[in-house]
Amino acid sequence: MNNRIATAGNNGEKDRSDCFVSLELTPSGGIQIDLSSKVKALYGKTILALCSDVLQFFGIENAILKVEDKGALPFVMTARIEAAVKQLIDTDKEFLPEMLPENLSSSTRDQRRISRLYLPGNTPALMLNAGIHAPNGIILDLEDAVGISKKPEARYMVRNALRSINFIDAERMVRINQIPAGLDDLDYLIPHHVNLILVPKCESATQIQQVNQRISTIQEKSGLKNPVWLMPIIESAMGVMKALEIAQSAENVVAMAIGLEDYTADIGTQRTAEGTESFFARCQVVNACKAAGIQAIDSVFSDISDMEALKENVLRSKALGFDGMGCIHPRQIKVIHDNFAPDEKEIENAKNIVLAFFEATEKGIGVVSLGNKMIDAPVVKRAHRTIDLAVSMGKLDANWVENFKK
Amino acid sequence: MKKYDKLIINSIGRMVPTEVNGKAQIPFQGVGKHIPEGRKYAPKISSCANFPSDGNKLVGSLKEALLKAGLKDGITISTHHHFRNGDLIANQIFDIAAELGIKNLVWFPSASFECNACLIKYLEDGTIHHIEGSMNGSLGRFTSEGKMAGMGVLRSHGGRYQAVQDGEVHINIAVIAAPTADIFGNANGVDGPAACGSLGFALVDSEYADKVIVVTDHLVAFPCIPWQIQGNHVDLVVQVEQVGIPEKIVSGTTEITKSPDRLFLAELTARFCEVTGIIKDGFSFQSGAGGISLAVAEYFREIMIKREIKARFARGGSNKYLVSMLEEGLVEYILDGQTFDLDGVRSMRENPNHVWTSPFTSYNYHGKGNFASLVDVVILGATEIDVNFNANVVTHSDGVLLHGIGGWQNCLFSKTVILTVPLFRDRIPVIRDEVTTICGPGELIDVVVTERGIAINPLRKDLIELTKNSGLPIVSIAELKDMAEKICGKPALPKFTSEPVAVVKWVDGTILDTIWQVQE
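Protein chains in written order, with the working numbering: chain W, 4 to 409; chain S, 52 to 571.
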């Protein structure tokens, strides 16, 4: 028997909606649970019952379990206990919280990914309300936002979050660890209806293929066949040089992002607000994405207090051809949406082109023209995209054509 | 003196005592139902002949003043809370009383703060019999555990004025700590090292107490201008080294929240007010000092600038955010009951449109009207709200008393009352089947804004109509409760003994609810 004390969770002064558990297996004496909780009066009994259930599930009959609870929801607490149990006993069993029916939804290849909010994978308090801020996607981060010692327990937290938290309309994404270590993360994600996997520090098509192989193996075992999209992140000079290869590496790669903190470190420079140092890399990534027909996603903007600078950054990013950007704070979402959205002038142009297209189609003319200028097919297509985006972001009435005719 | 006697069910279905601390009580009868008759309480007539003709009422020490004012067993002593957590005077009064072996005092503060937690020792040794006023933090917990000899009596700011005016509470000695005063007893809160802005909470004490002591650390030559407290009401003046710790007077909840979830709530609240047309030219609003409330005012500002709207007045605690709206011309007047930061103090001192008010003008229910009902919209918080819109601000869901009522009850008379609350705090649902303690009847609460939906009281058909097709997430209050319980689980009810420990008064002096001793 392993007689050390295993721990999991967070109990810092500022931690909320979390708990810290320590578990010691004992030779006899049954299950002893020592609970301190700020919600004891309201949930004390159910918490004790839940703790017993988890230990029983793993066949533990004698143990001392200490729980310091700061208002953890049940799925958080069971993730913590399971993480502790698995440090002490070897088992394939998983204590899974009930899957919310709304979390069975799949996402589509070309769905809007203008904003995606990073959430540290081991900090449940930040996850619970993430959906209300209406990002296009949420990213449960197992990589840089989780300290090395917390990596194992974060997997249970992220797995349970995928099953238990309603992120409202956000696409459910997870950033795994760098390949090859990140491959093992997939075991905790793929069976739980994750929509998209971010593959960090990607440098080759082979890495993407490795990810896909692992996904197939897991899906075969679980029998689940929901689509799992991939978004490689380019974060090194090598990655930039291999951008096209990576963008085209697999059918399920739907977007590719650039990560500038690591990239600038890799090329031996500093990240600046103007971004001259990453101009080439950004253009290369955008071009590779467009060549491969996937979405190009820009790096996060790290100064969360400066919304004006974020706005400028978004406008530059949009001008370069990016389709979206990561966020590290919910307040960034609105700025990113507002500024990636087509502006008045773009919408006006697009409307004219689309109306000309309708007119041409009505008249059965193959060529679209505006005034005496011919409009090429890609331009018409872009105009349609602009209109769709403007409508979906509430910048244009869905019945704009009828209203126009009135 | 009996702590309480004979419990009966009042009109809102709560069990309340008919006698508290030896005094007969009227159970809550319904909103606007209890109309008292008779005359106001009046203090004894004083005569100039008994006061020095040179106007000098200075005495050597607080102890001397208290003895001269008739400090003895069983009397009621009042203080105000304008110094918040930086108050240095209230505790000294009871140190002096304890040193003199005085027992069974009643403390009648306008509010208590954590800095008053050291008074627990005097509640234990019998110096203080009980508190009539807010029992916050440690004092609340002490009360909840049934350790206070008498019953706690919780009143709103307006209810406190009403209780004194109507003769329910007879103040023997009022101690008014003042940032600036003169030897005659004129005093204000806008000047001096402990400047706190208004002294409105001490007004009723100065008018009705048998003896009034002004304590200051900033004595100026007569006349002390402005005189928020008139020296004609004052018996004795004491000069001390320090009355309050400035950085603790203007501290704490006066910064806008940085929590994205709370900002979201504030923005949603402001959008509700925009969509429903509450924010219109010439409107008025009140929003408290908490982080969410401050943020609501900031979002109001954005909407007002965008739509070129000006407010006629803003009520409530003032702070730098409200002051900047006044200075930018977005708000014409601030009617200030309590000043929360130094920008507020400066503005009150310098700007004639920043007006200090008192619970009499703003909140007192037994008067010829008050300002609270003239306000178009008020944004408040709550610890719990039930499916009938009844709300609680004093106890937590575990049953423990932790907060006072403040002006919350009085504000419920505004034209639209919005409670902006998170759906759950950590794991504790805010929307419940039944609140632990009723502080506000649901009929007065119009809207509950949470991050996952807005519930409108079915009585407000106009607001329901105005929000149709608005894109706002309108849901029923029962749906909110279900959402909270789906996330958090259904909480157990707190366990109480059958011992009442405090009562919650309604604004008219009747008893709305009882707070019970928590079971260990």
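To be clear, the hints were calculated from the coordinates, so they are not data collected in a lab. There may be inaccurate statements among the hints.
Said to hold, decoys possible - Here are the simulated lysine-lysine pairs, DSBU-like style, with alpha carbons at most 30 angstroms apart:
id : chain 1 : residue 1 : chain 2 : residue 2
1  : W       : K337      : S       : K371
2  : S       : K331      : W       : K337
3  : W       : K41       : S       : K537
4  : W       : K43       : S       : K541
5  : W       : K89       : S       : K537
6  : W       : K41       : S       : K546
7  : W       : K43       : S       : K361
8  : W       : K153      : S       : K546
9  : W       : K17       : S       : K357
10 : S       : K198      : W       : K41
11 : W       : K228      : S       : K537
12 : S       : K357      : W       : K314
13 : S       : K309      : W       : K41
14 : S       : K154      : S       : K74
15 : W       : K337      : S       : K172
16 : W       : K154      : S       : K537
17 : W       : K48       : S       : K546
18 : W       : K314      : S       : K74
19 : S       : K371      : W       : K48
20 : W       : K398      : S       : K74
21 : W       : K154      : W       : K89
22 : W       : K337      : S       : K537
23 : W       : K43       : S       : K172
24 : W       : K398      : S       : K331
25 : S       : K309      : W       : K354
26 : S       : K537      : W       : K69
27 : W       : K17       : S       : K74
28 : W       : K41       : S       : K299
29 : S       : K546      : W       : K69
30 : S       : K309      : W       : K337
31 : S       : K357      : W       : K43
32 : W       : K154      : S       : K309
33 : S       : K309      : W       : K398
34 : W       : K69       : S       : K172
35 : W       : K398      : S       : K361
36 : W       : K41       : S       : K541
37 : S       : K361      : W       : K337
38 : W       : K43       : S       : K537
A quick look at each hint next to the structure:
1. With a C-alpha separation of about 26 angstroms, the suggested pairing of W:K337 with S:K371 holds against the 30 angstroms cut-off.
2. A distance of roughly 25 angstroms separates the Cα atoms of S:K331 and W:K337; the hinted pair therefore holds under the 30 angstroms criterion.
3. Annotation: proposed proximity of W:K41 to S:K537 holds, straight-line Cα distance about 19 angstroms (limit 30 angstroms).
4. At most 30 angstroms may separate the alpha-carbon atoms for a hinted pair to count; W:K43 and S:K541 meet this at roughly 13 angstroms.
5. For the hint linking W:K89 to S:K537, the alpha-carbon distance of about 29 angstroms falls within 30 angstroms, and the restraint holds.
6. A C-alpha spacing of about 15 angstroms is found between W:K41 and S:K546, which places the hinted pair at or below 30 angstroms, so the restraint holds.
7. With a CA separation close to 48 angstroms, the supplied pair W:K43 and S:K361 exceeds the 30 angstroms bound.
8. For the given pair, W:K153 sits about 38 angstroms from S:K546 by alpha-carbon distance, which is inconsistent with the 30 angstroms threshold.
9. Of the pairs offered as hints, the one joining W:K17 and S:K357 is violated, with about 37 angstroms between alpha carbons and a cut-off of 30 angstroms exceeded.
10. Between S:K198 and W:K41 the CA atoms are separated by roughly 22 angstroms; this keeps the pair inside 30 angstroms, and the hint holds.
11. Among the hinted pairs, W:K228 with S:K537 is consistent with the structure: their alpha-carbon atoms are about 29 angstroms apart, no more than 30 angstroms.
12. Proximity of S:K357 to W:K314 is assessed by CA-CA distance (about 19 angstroms); at most 30 angstroms being required, the pair is judged to hold.
13. Straight-line distance between C-alpha atoms of S:K309 and W:K41 comes to about 24 angstroms, which keeps the hinted pair within the 30 angstroms bound.
14. Among the hinted pairs, S:K154 with S:K74 is consistent with the structure: their alpha-carbon atoms are about 19 angstroms apart, no more than 30 angstroms.
15. With a CA separation close to 52 angstroms, the supplied pair W:K337 and S:K172 exceeds the 30 angstroms bound.
16. For the hint pairing W:K154 with S:K537, the CA-to-CA distance comes to about 29 angstroms; that is within 30 angstroms, so the pair holds.
17. Restraint check: the Cα-Cα separation between W:K48 and S:K546 comes to about 13 angstroms, which is no more than 30 angstroms; the hinted pair holds.
18. A threshold of 30 angstroms between alpha carbons decides the hint, and for W:K314 with S:K74 the separation of about 64 angstroms lies outside it, so the pair is violated.
19. Between the alpha carbons of S:K371 and W:K48 the distance comes to roughly 46 angstroms, so the proposed pair goes past 30 angstroms and is violated.
20. Proposed proximity of W:K398 and S:K74 is contradicted: the alpha carbons are some 65 angstroms apart, above 30 angstroms.
21. Our distance criterion of 30 angstroms between C-alpha atoms is met by W:K154 and W:K89, whose separation comes to about 13 angstroms.
22. For a cut-off of 30 angstroms, the pair hint linking W:K337 to S:K537 stands: about 28 angstroms separates their Cα positions.
23. At most 30 angstroms may separate the alpha-carbon atoms for a hinted pair to count; W:K43 and S:K172 meet this at roughly 28 angstroms.
24. Our distance criterion of 30 angstroms between C-alpha atoms is met by W:K398 and S:K331, whose separation comes to about 25 angstroms.
25. Taken as a hint, the S:K309 and W:K354 pair is broken in the structure, with Cα atoms around 40 angstroms apart against an allowance of 30 angstroms.
26. The straight-line distance between the Cα atoms of S:K537 and W:K69 is roughly 26 angstroms, inside the 30 angstroms bound, and the hint therefore holds.
27. Among the hinted pairs, W:K17 with S:K74 is inconsistent with the structure: their alpha-carbon atoms are about 45 angstroms apart, more than 30 angstroms.
28. Distance restraint check for W:K41 and S:K299: the Cα-Cα separation of roughly 27 angstroms lies within the 30 angstroms cut-off, and the hinted pair is therefore satisfied.
29. Restraint check for S:K546 and W:K69: the C-alpha separation of about 24 angstroms stays at or below 30 angstroms, so the hint holds.
30. Distance hint between S:K309 and W:K337 is fulfilled; the C-alpha atoms sit about 16 angstroms from each other, no more than 30 angstroms.
31. Using a Cα cut-off of 30 angstroms, the hinted pair S:K357 and W:K43 is violated, with the two alpha carbons roughly 47 angstroms apart.
32. At most 30 angstroms may separate the alpha-carbon atoms for a hinted pair to count; W:K154 and S:K309 meet this at roughly 28 angstroms.
33. With a CA separation close to 28 angstroms, the supplied pair S:K309 and W:K398 stays within the 30 angstroms bound.
34. Proposed proximity of W:K69 and S:K172 is contradicted: the alpha carbons are some 34 angstroms apart, above 30 angstroms.
35. Of the supplied pair hints, the one linking W:K398 and S:K361 holds, its CA atoms being roughly 27 angstroms apart against a limit of 30 angstroms.
36. A C-alpha spacing of about 16 angstroms is found between W:K41 and S:K541, which places the hinted pair at or below 30 angstroms, so the restraint holds.
37. Proposed proximity of S:K361 and W:K337 is supported: the alpha carbons are some 26 angstroms apart, at most 30 angstroms.
38. Of the supplied pair hints, the one linking W:K43 and S:K537 holds, its CA atoms being roughly 18 angstroms apart against a limit of 30 angstroms.
In terms of the numbered hints stated before, the structure departs from hints 7, 8, 9, 15, 18, 19, 20, 25, 27, 31 and 34, listed from lowest to highest.
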